[in-house]
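Residue numbers (this note's numbering), protein chains in the order written: chain D, 180 to 550; chain Y, 2 to 212; chain C, 2 to 331.
It is worth saying that the hints were derived from the structure and are not from the lab.
Treat the hints with caution; some may be incorrect.
As the list claims (entries may be wrong) - DMTMM-like cross-link-like pairs, simulated, lysine to aspartate or glutamate; straight-line CA separation at most 20 Å:
(1) C:K111 / D:D229
(2) C:K99 / D:E328
(3) D:K203 / C:D95
(4) Y:K199 / D:E328
(5) D:K461 / Y:E198
(6) D:K316 / D:E366
(7) C:K111 / D:D401
(8) D:K437 / D:E500
(9) Y:K5 / D:D427
(10) D:K382 / C:D95
(11) Y:K5 / D:E328
(12) C:K140 / D:E329
(13) C:K140 / Y:D160
(14) Y:K200 / D:E510
(15) Y:K50 / Y:E148
(16) Y:K14 / C:E137
Quantities reported herein were computed from a predicted structural model and do not represent experimental measurements.
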Amino acid sequence: MKISVEKSSIFKSLSYVQSIVEKKNTIPVLSNVLIQAKDNNLILSATDMDISITAQLNCNVIEEGFVTVSAHTLYDIIRKLPDGNEVEFISNDGKIFSIRSGKSKFSLGCLPKEDFPIIEVDKLKSEISIQSQELLKLIEKTRFAISNEETRYFLNGIYFHMRESGGNQYISIVATDGHRLAKIDYESNNKPEDIPGVIIPKKTINELCKLLSDYNGTIKIDLDPNKIIFFIDKSVLISKLIDGNFPDYQRVIPKDNKNIMTINRNDFCMAVDRVSTITNEKSPVIKFRLLKDLMNMTSADSENGLATEDIITEYSGEEIEIGFNSKYILEMINHLTDEKIKLSFNDSSSPVIATEDSNQNLIYVLMPMRV
Amino acid sequence: MKQKIFDYDIPSKLDIENFYVSKPNIEAYNYVTSNNQIIKQTIIFGPNKSGKTHLGLIWKNNNNAIIFNDKKYEYALNNRKNIFIDNFFENLDEEQLFHIINHCANHNLKILLTSNKLLNDYKFKYLDLSSRLKSFNFININIPNDELIHNLLIKLLSDKQIIIHNSEIFSFILKRINRTYENIYSLVEKIDKLSLEKKRQLTIPLIRELL
Amino acid sequence: MEIISQHLIGYENHLENLSNNLIIKSSSNSFIFYGNKGIGKNTFTHCLINKIFSDKFNESKSNLLYANSHPNFRYISKIIDEKSNKLNSNIKIDQIRKIESFIYQSSLNKLPKFIIIDSADDLNISSSNSLLKLLEEPKNNSYFILIVHQLFNIMPTIRSRCIKFKFSHPSLENFDKIIRQSFPDIKEKDISLLYDLSNGSPGLAIQLYSNNIKDLLDNLLIIFNEKNNLSKEIINFSEIVGIYTNDQFKLFLSILKLILINILKVNLGINIKKYFLSNLSDTIHSISKNINNKSILTILDYLKLNENDLYIFNLDKKIFSINIFNGISK
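One chain only, chain D, in its complex shape (with noise of 0.2 Å):
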């Protein structure tokens, strides 16, 4: 294989590919990336044997080849190697492979392509096309409340699925841990019997939005109920699913929360911070009483020590006290992004919900604590 290319282009795509490769690994040819010199195509893939990306990109190609070598000294390298500079592969047998940039040059064991494994693109059921920014504002939006515990694996990922509300059909996304709920909702002309509910692991979603924030497109994705391939412009992400049952979240969702309020969401938000001081893991409470255009936040420690604010809202509904884990409330708000966000409540042991009018899709439920 003899290959040349611009460092910035090589640098990027081997990044997509090498932030999967775990550093250490036991079985030495998967910390490796394979490089597939082709058609003036220089194509970069690594697997971590849970999800695969391939990265494809134009180069010259002088004599066609593959090769594996360690994707992470690989990618030090490029990255080290300075911006605009021509970076040449070489590789006669396989077994050595030269990297020439400038003046620099280095030399890497290779390990047989034949042990490498290619989990193949095949012919998935279902298809769905979407634009990459919209995809990733639904990621954004939800992903922070995606449970790191590992006891329930079902809840180690995002909830991708279609479903009919109102005549209308959505791809419905939905995150939960236990104590908080995601989802949004985004219009789209698949038919809910033809795609499969799956759940995403955490791990490919990160990657999926490192693909998603560079490129502006239309992406394709591919899905069966034990696989999800996504094409994103010149690169292919393929991963496993969760093989769980998501719970069903729509019994969670309060419907007749009748207490709203209306509250500018920068203010609440700073508040919420300040009286969030004096709390701690332990006791990470916020009380809340809400009164007619009026709440009132207090904390505590086990210390004595207390916090306490007053807020204008726009609230006519009943008098309710109650608490809310400080932590949650904040990272709610601040995936919000309006002046003013509606807070609903039904009563001092029931979820809030939250919304937005600029973002009609998407809510977000929390849970009390017992106060």
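Given chain D, put chains Y and C in place with the hints provided.
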């Protein structure tokens, strides 16, 4: 102060693959899976949460039966289908049951009843019904042994899709739990809630808080 | 990494049987393949999975399977600790936990998932418990194969959950073939010696031969014939074995024990000739004149008491070896 949690209400798996057989319930299990054509009328007795409904559903699927409730009374009488009545003492209409039993007998249909109460513990108004029921085949589900407790814990936790990293918790629970089906069931409910509330793995310290 | 032969010799019946029945008819997802160390259980298991993949699922990537990089396959054995750079003494719980994500995620293709534990003797209590949990909660389409050298090393609760298959050591003919695969030029005489020393285990025999067992044996003979305590020969010899790895040292001790026990038999008037193919029995006869049973029992006693500590506390192998041979009172 406790974080409240969503009640996901994840349904239990009630198919035949998810029934754990052990000595206390093997007789009942053998009956519902046997396709026995000779014994047409059976009552399965067993404590609460001992798996009667689960067994009944397995039987119902094997025998193409209908689940009876008072709304289905007319339907049951007008159709020649095997009948399963779960927990039959609940909302018992003695007259209706009497007719249902006769209907089954007349048309050579099978009928399966389940109950957590013994016949003698109930004061029947219709003595005819009482004597009919006494002629039924009786199967008892006994109190759980160690093996069954262990298997039930695994089943109930895996129904909830909970991963357990370490099976030592089972021997810990086995030594301390009150050995009834209801207790096993409610312990799993509590474990589920507490671990979700605290976002903690299922460990011996966590379970110690509950036992 | 250990290179696994893709060429299976022997066990044809097991292979035919298991490849046809393991997935389709089996009521259990977990299996134990047990038999002495080095008789080819791992080679067999790789071959079996390869056969199932290719016969039943038209999967042709056997190279991935043998490189342990097949997406539907996980091979768990003791790994090298990153900090100490030494081989761990057992399979750690983290290694078992990593299987969880393999099991709880979907499969990228239609193939079943296989997990090999080689060997399950290396599981400690916590990793055993963790594995037990996985075995107890069977997942569709995932199969565990536990390679076991000594059944009694395995927790009874794990044993009872698995279907067990016994592997006996290969015939001399197959043993010969397997050894010649690795050492084509080996002499007939050496093969029979290896067969005796390894108790018919080709894996062990290959290990012995690669570790120059013949030199070791010659040196041992010199020591046994040496009259003085703490002689130069003993110190030289201990120098050599002192730098052995734990596994090599275990091998050496097992040979030593084999010889000692047979000397014991000779001294008690038992005819050992029939147990040996090679002329090892003659050699043992000749040494036996120099060593009395009391000193053999002293050595065996010493080994029984201290061998475990040697590995656990990483004691000095040279001193250990000197201590052994000082037990021989001439």
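Hint check results:
Only pairs whose Cα atoms come within 20 Å are accepted, and K111 of chain C paired with D229 of chain D is accepted, the gap being roughly 15 Å. Simply put, K99 of chain C and E328 of chain D have alpha-carbon atoms about 15 Å apart, close enough for the 20 Å limit, and the pair holds. Restraint check for K203 of chain D and D95 of chain C: satisfied, since their Cα atoms lie roughly 14 Å apart, inside the 20 Å limit. Annotation: proposed proximity of K199 of chain Y to E328 of chain D holds, straight-line Cα distance about 10 Å (limit 20 Å).
Restraint check for K461 of chain D and E198 of chain Y: the C-alpha separation of about 13 Å stays at or below 20 Å, so the hint holds. Proximity of K316 of chain D to E366 of chain D is assessed by CA-CA distance (about 14 Å); at most 20 Å being required, the pair is judged to hold. Our distance criterion of 20 Å between C-alpha atoms is met by K111 of chain C and D401 of chain D, whose separation comes to about 17 Å. Of the supplied pair hints, the one linking K437 of chain D and E500 of chain D holds, its CA atoms being roughly 15 Å apart against a limit of 20 Å.
The straight-line distance between the Cα atoms of K5 of chain Y and D427 of chain D is roughly 18 Å, inside the 20 Å bound, and the hint therefore holds. Taking the CA atoms of K382 of chain D and D95 of chain C, the gap is near 19 Å; set against the 20 Å cutoff, the hint holds. Proposed proximity of K5 of chain Y and E328 of chain D is supported: the alpha carbons are some 17 Å apart, at most 20 Å. Proximity of K140 of chain C to E329 of chain D is assessed by CA-CA distance (about 17 Å); at most 20 Å being required, the pair is judged to hold.
Restraint check for K140 of chain C and D160 of chain Y: the C-alpha separation of about 12 Å stays at or below 20 Å, so the hint holds. With a CA separation close to 18 Å, the supplied pair K200 of chain Y and E510 of chain D stays within the 20 Å bound. In summary, the hint linking K50 of chain Y to E148 of chain Y is supported, as the alpha carbons are separated by about 16 Å, within the 20 Å threshold. Our distance criterion of 20 Å between C-alpha atoms is met by K14 of chain Y and E137 of chain C, whose separation comes to about 16 Å.
Comparing the model with each numbered hint stated earlier shows that all of them hold.
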